[in-house]
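Undergrad: Sequences are here, hints too, so could you generate the full structure?
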Amino acid sequence: MDWRSSVNRVGDHTGQPSEAWDIDAKPEGLDMELRHLRYFVAVADTCHFGQAAEQLHIAQPALSYAIRQLESELDATLFTRTTRRVSLTPAGEFLRAEAGRILTGVDEAERGVRRIAAGRTGLLRLGMTGTAAFSHLPRIARIVRRELPGVALDIRSDVLTPDQCEGLRSGTLDVGVLRPPAVGEDIEIRTIDLEQLVLAVSADHRLAVEPVVAVADLRSEPFVGYASPDSAVNHAVARSCRRAGFVPHREYSAPSTAVLLALVAAGLGVAVVPASVRALALHGVVFRDLTDSGTIELALAWRRGVDNPVVDAVVALLSAGLTSTTDFAHTQGRS
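For the sequence shown, my numbering assigns the number 122 to the initial residue and increments by one for each residue that follows.
Heads up, some of the hints might be wrong.
[Stated by the list, open to error] Estimated spans, in silico, between C-beta atoms of each pair: (1) D307 - Y186: 56 to 64 Å; (2) E154 - T210: 14 to 22 Å; (3) A441 - T210: 54 to 62 Å; (4) T293 - I237: 14 to 22 Å; (5) G415 - D279: 21 to 29 Å; (6) A379 - R260: 19 to 27 Å; (7) V427 - G271: 15 to 23 Å.
In case anyone wonders, no lab produced these hints; they're calculated from the structure.
Every residue, glycine too, gets a C-beta built ideally from N, C-alpha and C.
TA: Shown next as structure tokens:
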């Protein structure tokens, strides 16, 4: 007979095993509470029931009962108790090491869950129009990094407003920085800036020497605009020109702001752009203020009803951080 059979199994009178005995099996009904583990660690670290009870803010009899209950559940003596001292048994030494790892893991898990639920950890996919990236992206990245260091930004720049809205609807974007009003009822927006429109001309243009230019003075000028028919900037420029009594003649169209300014620098036309484009200091281009040019809105956008704590946290943070120095912020949709 294999000696291991006599140790691990108990046979009946026929010699067949009637029941397996596994020393590693969890006893039926064992359900160790984290509270009891914390109590155990306090006693193990102080080797004194009275001091541990004081640290835990519970009565000593209640602590003693909890430890006895834990020992009963584990079917092991964890402490050697005498009238003079309390010390850990070998089983207690083992449990102290394991309990430390367990409680540390539980605490880390709790903190992680709370950070995620509060929107302080996670990924945010952020879309931005090309013009907004020049002045607002550095501020956005700085604010998020400082206040929400656990949030990673996946930035998609030079994305037109209609494309951002489609990304928000499909879930490929979480938040957009775009130019209303071409959004839709399923998209919520919060204004973060109202920018003046300014004139961009080549350095050798006749208007480059003027400190301020009237929109009406651009009546005979060829314009450089954006190629997209849905460009909010194009629409804002057209409105400004109509107020001045003329329709702008767009000679060239550019796919991006960088290309638009390059065409202006080459002397192929003038452009009316948001003031934030001044941050893109391209050689050969000068910017001049315009009278009666109007403003263009820049807003945060997100899908209505989205259940994403990171979106809520970032929108709230940027709404406060990006509008704190302005007096024109307002909200459309969720407050």
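Undergrad: So, for every hint listed, does it hold in this structure?
TA: Against the structure, the hints come out as follows:
1. D307 - Y186: 56 to 64 Å: 58 Å, holds
2. E154 - T210: 14 to 22 Å: Given a distance of about 20 Å, which is inside 14 to 22 Å, the answer is holds.
3. A441 - T210: 54 to 62 Å: 56 Å Cβ-Cβ, so the 54 to 62 Å window holds.
4. T293 - I237: 14 to 22 Å: Distance hint for T293, I237 holds at roughly 21 Å.
5. G415 - D279: 21 to 29 Å: 24 Å, holds
6. A379 - R260: 19 to 27 Å: 20 Å, holds
7. V427 - G271: 15 to 23 Å: Hint holds: Cβ distance 19 Å, inside 15 to 23 Å.
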